[in-house]
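Residue numbers (our numbering), protein chains in the order written: chain A, 1 to 238; chain B, 1 to 288.
Since the hints were derived computationally from the structure, they do not count as laboratory data.
There's no promise every hint is true.
As the list claims (entries may be wrong) - Computed list of lysine-lysine pairs in DSS-like fashion (alpha-carbon distance at most 25 Å, straight line):
hint: 1; chain 1: A; residue 1: Lys78; chain 2: B; residue 2: Lys186
hint: 2; chain 1: A; residue 1: Lys154; chain 2: A; residue 2: Lys78
hint: 3; chain 1: B; residue 1: Lys285; chain 2: A; residue 2: Lys78
hint: 4; chain 1: A; residue 1: Lys154; chain 2: B; residue 2: Lys285
hint: 5; chain 1: B; residue 1: Lys285; chain 2: B; residue 2: Lys186
As the list claims (entries may be wrong) - Pairwise CB distance ranges, derived in the manner of DEER restraints:
hint: 6; chain 1: A; residue 1: Tyr14; chain 2: B; residue 2: Leu58; range: 55 to 61 Å
hint: 7; chain 1: B; residue 1: Thr112; chain 2: A; residue 2: Thr130; range: 41 to 47 Å
hint: 8; chain 1: B; residue 1: Ile258; chain 2: A; residue 2: Thr130; range: 48 to 54 Å
Computed from a predicted structure; not experimentally measured.
Virtual Cβ for every residue (Gly too), placed ideally from N, Cα, C.
One letter stands for each residue in the lines below.
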Amino acid sequence: MTDLLTASSLDAFYGDFQALFGVNFRISEGESVALIGANGAGKSTFLKVLTGLLPVPGQSLTFDGTDLTQHPAHEIAKLGIAMSPEGRRLFPSLSVRENLLLGATVAREGPWNLQAVEDLFPILTEKANTPSTLLSGGQQQMVAIGRALMANPKILLLDEVSLGLAPVIIRDIYSALPRIRENGTSVILVEQDIGQAVAVSDRLYCLQEGRISLEGPSATLDRADISAAYFGRKKEHA
Amino acid sequence: MEWINAILQGILLGGLYALFAAGLSLMFGIMRFVNLAHGDFIIAAAFLTLVFVDLTGLSPLWAIVPIVPAMMVAGYIGQRVVLNRLSGKDLLPSILVTFGLSVILQNLMLETFSADSRRVSAGALDTAAIPLGGGLAVGVIPLLLFVSAIAVIALLNWIFAHTAVGRQLRATSDDPETVSLMGINKKHLFAIAMSLASGVVALAGVLLAVKTNFDPAAGPVRLLFAFEAVIIGGLGSLWGTLAGGVILGVAQGLGAKIDPGMQILAGHIVFLIILVLRPQGLFPKQRG
Ligand SMILES: Nc1ncnc2c1ncn2[C@@H]1O[C@H](COP(=O)(O)OP(=O)(O)OP(=O)(O)O)[C@@H](O)[C@H]1O
Ligand SMILES: [Mg+2]
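With the sequences and hints as input, model every part of the structure.
Written out as structure tokens, the structure is:
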């Protein structure tokens, strides 16, 4: 399979602070890739780079034949990268349905529309006119994912969708993943729970202090290696 | 009966203040942008009305037809070319730049039109009034102002509630970073907001020209009334802004009734009382 998105020795900075160091990353069409790592490892930063929220001028980042570093965030969204951001970031002045509709602003062709998203998460039909702030955490997460799907993205980025949710709710949300991938959508997911990450991904990257510390097929990676890469050697011996 | 009349005239005057304030409220609500030149732009629109009447000999109300669209276009371009560079987390650059703009505009108008106080006549409309019985009457022009204010606020609210652009504007006001993930170009959207605000400014300027005297230095006072109306009403609610304008207008009307010198002061006093008792304003935007 050809790569849909590739980053080569990518550095990223917040002002003077360097958050990513020489990251090599690739994902192909239809693939599901997990990104794990401790707090502050740089996972969200990497997703911000992919969506253009954190510009990386002069770096090597290609998506579908396009140099992403040349495009601001709103153009990258139109090219087909959508994200359910960390903390969900729903729009509080908008109802659930309005939040979903806003996701369709890019007007890309594809299987996802209001009907399809509400079929995927039926509770959103019932809550359509509710302000998004009045939803439970799990429902808010569904809106955030649905809003990203409304863009009919080629790559869907999911940043910590399970954060703060009860196990049953997490299961509900992850049970939507096969239907999302059915249409060939690639998925990059950031997940704290290593077991969950391994279970739902084809390949896995581990970030440690801004560097890729491990990469490989999720099914065959050794759990001890993952733990070592996740926590770093220092902590392993401590 | 005189008191009731004072209240009635105050309410109608409040419509004009609400128009002043609506533009300011839009800019601040969506872009977190404080435009200290707001009042001067209103006065500039009033002078443009004067020029229009001089050139065409038509009734000043016709000035709405060219001036409102022209200022909407100018607002869009001004935001795209200049003001977008200023909007960010920090309020200070926009305050400094628009303060400078205010001084420049006032001096330009002074150079062009002299310091004389001007007024534009709408002919017979100037004195036309509708009798309400019992010695009460409402002037056609004040009524027209009030109805325009309601129409403008209703239209803006409708745009916000029921159109895709309105949805995008509300979302941008909530979280300008996350809207870019939805493929929305914040700069374009800010320019649309500025364009809407400029349209309201233009309308307010034309109506001001018909309603009262104005001179090149009259802008800052309009800005002050606009600020007061916005704060009284509560940030983020345009109907609140209308209520704020009306409260200010009524306070001024009653103040003038007590003593003509009290008109402006009474407005400020009511503003201060409300600011102390209810700093969030009477109808702040509900969140969640
Ligand atoms: N806006 C910012 N400005 C400056 N530094 C930042 C900013 N956002 C994140 N950082 C820093 O960049 C590093 C990586 O942060 P990032 O949010 O990418 O971590 P993460 O892997 O997503 O962690 P978490 O699991 O806590 O979400 C951290 O050291 C963090 O403090
Ligand atoms: Mg994170």
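A quick look at each hint next to the structure:
| no. | hint | verdict |
| --- | --- | --- |
| 1 | A:Lys78 <-> B:Lys186 | holds, 14 Å |
| 2 | A:Lys154 <-> A:Lys78 | holds, 10 Å |
| 3 | B:Lys285 <-> A:Lys78 | violated, 32 Å |
| 4 | A:Lys154 <-> B:Lys285 | violated, 37 Å |
| 5 | B:Lys285 <-> B:Lys186 | holds, 22 Å |
| 6 | A:Tyr14 <-> B:Leu58: 55 to 61 Å | holds, 58 Å |
| 7 | B:Thr112 <-> A:Thr130: 41 to 47 Å | violated, 54 Å |
| 8 | B:Ile258 <-> A:Thr130: 48 to 54 Å | holds, 49 Å |
In summary, the numbered hints that this structure violates are 3, 4, 7.
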